[in-house]
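J.: Chains as they are written, first to last, in the numbering used here: chain X, 1 to 313; chain L, 314 to 599.
Just so you know, the hints here were simulated from the structure itself, not pulled from any lab data. The beta-carbon is built from N, C-alpha and C at its ideal position, and this holds for glycine as well. It cannot be assumed that every hint is accurate.
[Unchecked claim] Quick list of in silico lysine-lysine cross-link-like pairs, PhoX-like style, CA-CA up to 20 Å:
# : chain 1 : residue 1 : chain 2 : residue 2
1 : X       : K118      : X       : K206
2 : X       : K206      : L       : K319
3 : L       : K583      : X       : K118
[To be verified] Stretch-level coverage of chain X by chain L, calculated; a stretch enters the list once three of its residues show a Cβ under 8 Å from a Cβ in chain L:
#  : segment
4  : 13-26
5  : 69-80
6  : 105-118
7  : 121-128
8  : 144-153
9  : 205-215
10 : 224-234
[Unchecked claim] Sample of chain L residues lacking proximity to chain X, with all beta carbon distances greater than 10 Å (derived):
#  : residue
11 : Q320
12 : R351
13 : L370
14 : V392
15 : A446
16 : I507
17 : G536
Here is what each chain is made of, one letter per residue.
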Amino acid sequence: MEGATESAESDDNRGRLSQRLRRERLSSYWFTGAGYFAIALFALIVLTLIYQSLPLLSEYSLVQVLTSSNWDPARNEFGFLPAIVGTIYVTILTMLIGTPIAILTAIYIAEYAEGRTKRLVSSFIDVLAAIPSVIFGLVALIVVVPFVGNYLAPVFGSSGTGTGIFTVSLVMGIIVTPFMISLSVESLEALPDELRESSLGVGATKWETIRLVLLRAAGPGIFSAILLGFGRVFGATIVPAMLIGGQTRLPDSLFSTGQTLPTLIVNDFGELMSVPITQSALIFVGLMLVVVVWIFNFSAMLVRRRLQRRWQY
Amino acid sequence: MDRYAKQRLFELLARGAAALVVAVMVLVIGVTLFRGGRVLLTDPAVAITPPGSRYQLEADGGFLHAVVGSLFIVGPATVVSMVLAVSTAIYLQSDYSSERFSDAVNMFLNVLWATPPIVYGVFVLTIIIAIGARTSMFFGIIAIAIFQYPIMTRYTDEALRSAPDAVKEASYGLGSTRLETALITVRAALPGVIAGIIMGFARGIGDAATVLFTAGRSNTMPGGPFDGSTTLPVLIFDNAMSFNDELRAQAYAASFLLIVAVLGLIVVSKVLSGRYARFAPGGRNS
Chain X
1 MEGATESAES DDNRGRLSQR LRRERLSSYW FTGAGYFAIA LFALIVLTLI YQSLPLLSEY
61 SLVQVLTSSN WDPARNEFGF LPAIVGTIYV TILTMLIGTP IAILTAIYIA EYAEGRTKRL
121 VSSFIDVLAA IPSVIFGLVA LIVVVPFVGN YLAPVFGSSG TGTGIFTVSL VMGIIVTPFM
181 ISLSVESLEA LPDELRESSL GVGATKWETI RLVLLRAAGP GIFSAILLGF GRVFGATIVP
241 AMLIGGQTRL PDSLFSTGQT LPTLIVNDFG ELMSVPITQS ALIFVGLMLV VVVWIFNFSA
301 MLVRRRLQRR WQY
Chain L
314 MDRYAKQRLF ELLARGAAAL VVAVMVLVIG VTLFRGGRVL LTDPAVAITP PGSRYQLEAD
374 GGFLHAVVGS LFIVGPATVV SMVLAVSTAI YLQSDYSSER FSDAVNMFLN VLWATPPIVY
434 GVFVLTIIIA IGARTSMFFG IIAIAIFQYP IMTRYTDEAL RSAPDAVKEA SYGLGSTRLE
494 TALITVRAAL PGVIAGIIMG FARGIGDAAT VLFTAGRSNT MPGGPFDGST TLPVLIFDNA
554 MSFNDELRAQ AYAASFLLIV AVLGLIVVSK VLSGRYARFA PGGRNS
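So that you can see chain L by itself, here it is in the shape it has in the complex (with noise of 0.2 Å):
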């Protein structure tokens, strides 16, 4: 093979990798939407309806339980880890610390994020037990925000490093604080910072690993925060291996409003990181 049939055999090859994964995602996306749409639409109660007490068995009812167990824990769970993801990259870009402190910080942060979610799951289990609680939503809570911690630090602490230096510059030259100075680089960053919150969100609204053990995969509607509940990620994985075809159709229902809530979640993220890049000074006029 000459030099230049081998160069056309790699661009092809290139090409149909690239292919094979947009290809995939359409797949995995389209079957989701269809199957699971098809369900919503001859049966639009099953993602309102509160379950039944045969639900596991029967599948009388809906999957409501989930619905409100999934906004319950990840929307709690990001607030929590909001605040410590921003604090933690204000730490990490801010004149807090020595360099190396905040390298070694950052290499924490990057073995945190690689951790496997099942572990974040087994650790506050093993706490749950050791406290002698019960699972419930506050322990679903608490294992989303550890899982959402170094996800949404990471987002923060790159687009507070990628804000122009001649912001915190003019800001300590008007004799501002540390606290000052910082507040205004986060509102420089904002666009990036937003975005990070809302993935850091997507992420939580997606993961099953962290609740399965820790927030008490129950089947009926939970009554307070100390009380079992399920999220979607879990209902789908407990439905799809059912024996019953109702509970397999509803956790193809539950995957569509799923990934319709990832999905928007992404548009929204881009729509508001547009509109406030207004704030970001030499940025975009919006």
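So that you can see chain X by itself, here it is in the shape it has in the complex (with noise of 0.2 Å):
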């Protein structure tokens, strides 16, 4: 009678025990599954982009698309030089006042602030991240843009209504920021306090410890910050498309209005989507961004990695 109730417990162990794998075993598809899905994605999406520019890149040469300046969907004419410069110029631009900025915070919340003013301004620039880039382009069309057009631009000789490169790098300037912060404090931060304490030792002011340690232990960290900060300005499409302006020629000065990749297909993909060879265009547009900004990513990495062998501490 007791043999008895003790097998079919053990059974039912046996069987709880069973139900148990069966449960891992199926879970342990799905997660796997999940694991190549990141994977499979990102094939996905690349794939699907070189497909749809095979139509554009068999009836023109990769070079002459590159080159040309002329852009004019309606007589089959592509060429992305202007929107290439754009967007190089916004690129160079917004990194020379975003970086400066981004780093001197960094250094300020990470080396100066203290206790609740810390936290508050590093509170500030979390919500700062968060808000959409959708805002700032809507600020800056009352604030920036008649700041630009009435005042600045005159000073530097040019007329316009204040839309442009310059505006745009302007607000881009700020919204890069608040990213590339974080990282760099982050790698601030994670410095071991001796660093400090030996260079201050051996008599330096705090500046100097700053400029000539601690920048350079955690330059690594800091330098893929801002590579990443480069690929975030490259691929940035909706406040451009508010205040470039949106006229595909090549810009003659920073104040001039102009286009950038991401502000073409914008700008033309809702009208010209039915016309095929400029619906393959405008693909090709999205395909060079990724590949450029998995170019940044890559050498992000890379740089990061042989800066951390040769800049240790």
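The two chains are supplied separately, each in an independent frame; assemble them into the complex guided by the hints.
T.: Below is the structure:
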């Protein structure tokens, strides 16, 4: 009698065990699938973009498309040069504006601020990162655009309504900072305190410590933050679309209107979706964006590794 | 300039830069709350009135369609994306594969994370064209889900990584399977996981580039998942440069809602992660 209950119990246990193992097996397929999903999604995006760009590339050569400055889809002229030049202008100018602000703010948060001020400023930065960029664009339309149009551009001898490459860069310079700040703060704060102590101990001033020791030691992290910021600006869509003026011509000054690669898509996709070759041209823009951002990411990773080896402390 | 003057100068510069960033944020939030608040105070109905038939020309009615569109697109997208993101993060953190493969997956996730949102929009649109469908809420959901997926995965992955190893070891030590251990790890990291999901939702609700071409950009109330729809950011984008003053004013009212929603989500995420901290072993008791 007793033996019977025991075996029933062990049957029960075995049943529960096999159920657990079955669940384990099934879930392991699911999780492995989820792991592969990230790769599959990336592959699917890139392959789709390549496949859809083929019609354009089979009719025009790559060099021709990239170096021609005639953009007139209605006449089947696809020259990406104005948009490429516009993108490069905006990206470089944004980084020139944003990087010093970002690094200095990161230094302030990591090295100068203390206690409540520090918590307050860093949570401000977090909030800034979460504000949708379309809101920056909207506020810029009534604050930055008139300022640039009425005051700044005339000083440099250009006339215009205030929309243009410089305005976009100014606004993007702010949008991209929170992201670079938090990455830089992270790498500064990861440094051991002995580093600061020993530098101050040999008589360096605080600024010398920061510039000669800390920025070097945190260099790899800050550098990859800057490169990733580059990628951000490069693919920014909504703010440039609102503020750049949307004219596909080679910009003649920093205050002139222009076009970037993402805004090319925004401005032309709606109407020209039905024309296959134009559609292919715009998808090719998407492909260019992905490839360049991918290169940025990859080099950020490599540079980080190399600098880590060289700037050891 | 002697060393000490230099030191003072750069401290000033660092403080100045931080003050500038904070000032810009106060300006942006202030302008939005002030301008949008004024519109909403004089005419609160714009946020809950469906658009009239000549909305884009004469601004009759309000932008309820964009509010509804935002919720019905970003809500489901967040659920889909959450399931995938948590699963991928579990895969990355638990013992389902070799470390090398996890590294590879991580690299692709980083690339996806940095991919410009407009590319997701274009990608989904090419699919729509390829299968001969029309732009609709359904495809907006897909686009936003793809956009949120790498963001949420990264947050969740970080949260799981910060869960103490002892949790995992104890769980395996008691004879748990990988699934059971993974669930316990997720529970231990719950504050971070929830914060990640809310941040993903906040990013999704603020993004315009992904839904610009995929959700249909319509000026009517959506009737079902396969109807065209618009979202708040797209509405702001479309109305911002309108020649109609009323439409421009509605753009400010819409950004008021959007910014309040995003700020609210951040607060909620902070509160929730505080509350769920009691699940974390050795965490704060609250």
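J.: Confirm or reject each hint.
T.: Comparing the hints with the structure gives:
no.	hint	result
1	K118(X) to K206(X)	18 Å, holds
2	K206(X) to K319(L)	10 Å, holds
3	K583(L) to K118(X)	17 Å, holds
4	13-26	holds (count 4)
5	69-80	violated (count 0)
6	105-118	holds (count 7)
7	121-128	holds (count 6)
8	144-153	violated (count 0)
9	205-215	holds (count 6)
10	224-234	holds (count 4)
11	Q320	4 Å, violated
12	R351	13 Å, holds
13	L370	18 Å, holds
14	V392	15 Å, holds
15	A446	13 Å, holds
16	I507	16 Å, holds
17	G536	22 Å, holds
Hint compliance for this structure: hints 5, 8, 11 are broken, all remaining hints hold.
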